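2 protein chains.
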Amino acid sequence: MKALILTADEFEDSELLVPYYRLREEDLTVDIAAPACGTVRGEHGYKVEATRSVADVQPGEYDLLIVPGGRAAETLSDDKAALRIVEWFLEQHKLIAAICHGPLVLIETGLMEERQATCHPSIAFALRSAHAHYLNREVVVDNHLVTSRGPADLPAFMREVMKIVHRLRGARGQ
Amino acid sequence: MKALILTADEFEDSELLVPYYRLREEDLTVDIAAPACGTVRGEHGYKVEATRSVADVQPGEYDLLIVPGGRAAETLSDDKAALRIVEWFLEQHKLIAAICHGPLVLIETGLMEERQATCHPSIAFALRSAHAHYLNREVVVDNHLVTSRGPADLPAFMREVMKIVHRLRGARGQ
Numbered sequence: 001m002k003a004l005i006l007t008a009d010e011f012e013d014s015e016l017l018v019p020y021y022r023l024r025e026e027d028l029t030v031d032i033a034a035p036a037c038g039t040v041r042g043e044h045g046y047k048v049e050a051t052r053s054v055a056d057v058q059p060g061e062y063d064l065l066i067v068p069g070g071r072a073a074e075t076l077s078d079d080k081a082a083l084r085i086v087e088w089f090l091e092q093h094k095l096i097a098a099i100c101h102g103p104l105v106l107i108e109t110g111l112m113e114e115r116q117a118t119c120h121p122s123i124a125f126a127l128r129s130a131h132a133h134y135l136n137r138e139v140v141v142d143n144h145l146v147t148s149r150g151p152a153d154l155p156a157f158m159r160e161v162m163k164i165v166h167r168l169r170g171a172r173g174q
Numbered sequence: 001m002k003a004l005i006l007t008a009d010e011f012e013d014s015e016l017l018v019p020y021y022r023l024r025e026e027d028l029t030v031d032i033a034a035p036a037c038g039t040v041r042g043e044h045g046y047k048v049e050a051t052r053s054v055a056d057v058q059p060g061e062y063d064l065l066i067v068p069g070g071r072a073a074e075t076l077s078d079d080k081a082a083l084r085i086v087e088w089f090l091e092q093h094k095l096i097a098a099i100c101h102g103p104l105v106l107i108e109t110g111l112m113e114e115r116q117a118t119c120h121p122s123i124a125f126a127l128r129s130a131h132a133h134y135l136n137r138e139v140v141v142d143n144h145l146v147t148s149r150g151p152a153d154l155p156a157f158m159r160e161v162m163k164i165v166h167r168l169r170g171a172r173g174q
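Each protein sequence line maps, in turn, to chains A and B.
Heads up, the first sequence is in the working numbering, so the first residue is 1 and it goes up one at a time.
Heads up, the second sequence is in the working numbering, so the first residue is 1 and it goes up one at a time.
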């Protein structure tokens, strides 16, 4: 299985690194995409390499999409190519996991109507304005959409993501 | 099951946070111990709360010990109470997982003779001087001792730690 992490400069470091290492622990291939290829820097100074630019991503290549938070999410919610990737995952009912400010990017697609989700409390209004059902919980699972509020929720977030990953793998006999 | 993370100021943030969240994902209770109770700060600015001082730790309360790297490891290798905890785990053949500069604390106990291990390349000489067998691999498992070289090895490190955790749980029928 193959995962894509969608991010930009000023990502929330733990929200990118914890899923990145966790998925690789489980032997998934994980690509990082950003507005441009090359080094992307987190709010705490960690650097990761984006090997794909959002414009070059073929979403069909991936089984799941992770959208970490941080100011990166604001950058991405203004980026048409990034939104195109998220739209594809939402429309195809593929696994999307977004945490903290990550759901901003989902909201911007206009496809969150009637979806149950959570996010950083400071953007709950944006989720509600998009006619989604905001829930103040550590993790909200709505079919293949997994959302959490912030770094402290990472254990619950990854627990639910991994349940779906294992289910998808099982269905493929992998 | 209950895990203890042994650290101090200037821990390598991802080497503490990734195991912390991973073990909690698996429903383990995770305590953090430092030379003094209270806020401990990572090299990248993350803050965690140490709820135990090393002097107050009862090692028998825990099933496994995690020793992250960073300059924290140097501080701990000079701390008698911290060394007492590590000695207990080594002598009782309990699970210890140390990464990057973390093995410095193990070396300082004088109990690493003939053990197979890895560590950050810059301290390989210290491991060799302690008459341990240094191996330049992403992870080295010697019975219940798991060691890795640095953050990039976190997937392999946690994969091996979790194998042992699951085995211990299985043996207890949990």
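If you're looking for bench data, these hints aren't it; they were derived computationally from the structure.
Please note that a few of the clues may not be correct.
Repeated chains share a single entry, so a pair holds when one copy, or any two copies, can fit it.
Stated by the list, open to error - Straight-line alpha carbon distances no greater than 20 Å define the calculated SDA-like cross-link-like pairs of lysine to any residue that follow:
hint, residue 1, residue 2
1, Lys94, Arg84
2, Lys80, Glu10
3, Lys94, His144
4, Lys94, Cys37
5, Lys47, His120
Given the structure is predicted, the values throughout are model-derived calculations rather than measurements.
We went through each hint and held it up to the structure:
Only within a single protomer do Lys94 and Arg84 lie at most 20 Å apart by alpha-carbon distance; the minimum there is 14 Å, versus 50 Å between protomers. Taking the closest pair of Cα atoms, Lys80 and Glu10 come within 20 Å of each other only inside a single copy of the chain (19 Å); across copies the shortest separation is 40 Å, beyond that limit. For the homomeric pair Lys94 and His144, the shortest alpha-carbon distance inside one copy (6 Å) is at most 20 Å, but the shortest distance between copies (39 Å) is not. With identical chains, the CA atoms of Lys94 and Cys37 are never at most 20 Å apart, being 24 Å at best within one copy and 44 Å at best between copies.
In this homomeric assembly, Lys47 and His120 come within 20 Å of each other (Cα to Cα) only across copies, at 19 Å, whereas the closest approach inside a single copy is 23 Å.
Hint check: a violation occurs at hint 4 only; the rest are consistent with the structure.
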